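Sequences listed follow chains A and B, in order. Using the numbering used here, read the first sequence as starting at 1 and increasing by one per residue. Using the numbering used here, read the second sequence as starting at 204 and increasing by one per residue.
Don't read these hints as lab results, they were simulated from the structure. Keep in mind it's a predicted model, so treat the numbers as computed, not measured. Treat the hints with caution; some may be incorrect.
Cut-off 20 Å, straight-line C-alpha distance, at most; resulting in silico cross-link-like pairs (SDA-like, lysine to any residue) [stated by the list, open to error]:
1. A/K114 x B/K317
2. B/K317 x B/D358
3. B/K283 x A/K4
4. B/K302 x B/E279
5. A/K4 x B/K317
So, partial list: chain B residues that the calculated Cβ filter (under 10 Å) puts toward chain A [what the hints assert, rightly or not]:
6. I237
7. Y262
8. L364
9. V367
10. V379
11. P388
Facing chain B, according to a computed beta carbon distance under 7 Å, are these residues of chain A, among others [as the list claims (entries may be wrong)]:
12. N28
13. R36
14. L52
15. E53
16. F87
17. Y104
18. S171
Every residue gets a Cβ at the ideal spot worked out from N, C-alpha and C, and that includes glycine.
In case you want the letters, here they are:
2 protein chains.
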Amino acid sequence: MGNKIYVALLHHPVLNKQGDIVTTSITNMDIHDIARTCLTFGVQNYYIVNPLESQRQLYNKLISFWQSEIGQNYQEDRAKALSIVRFRSTLQDVIKDIKNQEKYDPVNITTTAKVRDGQISYENLQSDLSEGDRPVLLLFGTGYGLSEEIHQSADYTLEPLFGVGEYNHLSVRCAVALILDRLVPKNKGGKHGFVRGSQQAAS
Amino acid sequence: MGNKIYVALLHHPVLNKQGDIVTTSITNMDIHDIARTCLTFGVQNYYIVNPLESQRQLYNKLISFWQSEIGQNYQEDRAKALSIVRFRSTLQDVIKDIKNQEKYDPVNITTTAKVRDGQISYENLQSDLSEGDRPVLLLFGTGYGLSEEIHQSADYTLEPLFGVGEYNHLSVRCAVALILDRLVPKNKGGKHGFVRGSQQAAS
């Protein structure tokens, strides 16, 4: 699968525990962990999607620390990962942004921990995508997951991640890492000499 | 690989940015995310290792919320994941604990984002482990990684995780998820009917 990959983390429209559509808040850990994972797996851009102006201001405040000299010196690897992060108000804005960069609309792929009709397996998705060169947009939900409307409007919904039993309540941070690891061609680094001088980042 | 798996997150002895040996603080997110991942992948116990009595008290305070009726009602899936978490002062205490449960000393396997001499690949490790039934203890470091002493005393050190380039600065939360996904026999859930009634947990 040589398609360019984009990731979006939606804070709206997502579900709460009762199944209502809500807007969740951005969190520092979702920004950092997912940015580091995305850069590791060669994702072009990682979009934080939130319609609230107050959340955009909070995001700008967080990011400006890491872009400052203090932030860069404190943890260069984290600052570097944030260079691929973008804040957008809506999913439509994200899609427009990708089309501007890539000339094609992305193939929209939703993710969920729930079993739904018509979900696609990793193997079949890789096979479908390999036939074209459209960019791929992987959509993740905060709260209790993406709204029905977002799933309905997507091109594909990936099958849930499972480990060894019934429990599959991974954090969205870990789910992004596992899905990218399963989708992106594996582990080129160790085999192709990309490993020189690498340092472990702070946990 | 049918060996029983244990995970330990060490807060001492680990390195800081300058390479000194330090003790780091426990964090709420490391406890929750890694517990949820461990339960998803069938890990027996997830050990938080920290020698400080004040950190043990903080841990007990966090856990007691999730064991309370309020915590259980607030997020049952998170509470459930915490049932496999244990706090221990030292790695030696962890090893003793596992030996008491399993009758055998665990095979100790360290992890790192750095390239080291003699690291083992996932394939070779799976092949080595499949020849015995000793429990496996995967060791993860906070801060800037496990101390040299811990690597030296281990039976194996796993090769670093790589994505598609030079950057491999994953959070320890995501590293645990990826390493378990690569080591544990895959994705039984979807194929063996474990998927009924599953609900997505809050992100």
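Hints and how they fare:
no.	hint	in the structure
1	A/K114 x B/K317	36 Å, violated
2	B/K317 x B/D358	17 Å, holds
3	B/K283 x A/K4	38 Å, violated
4	B/K302 x B/E279	30 Å, violated
5	A/K4 x B/K317	27 Å, violated
6	I237	9 Å, holds
7	Y262	17 Å, violated
8	L364	8 Å, holds
9	V367	4 Å, holds
10	V379	8 Å, holds
11	P388	7 Å, holds
12	N28	10 Å, violated
13	R36	5 Å, holds
14	L52	17 Å, violated
15	E53	22 Å, violated
16	F87	18 Å, violated
17	Y104	21 Å, violated
18	S171	4 Å, holds
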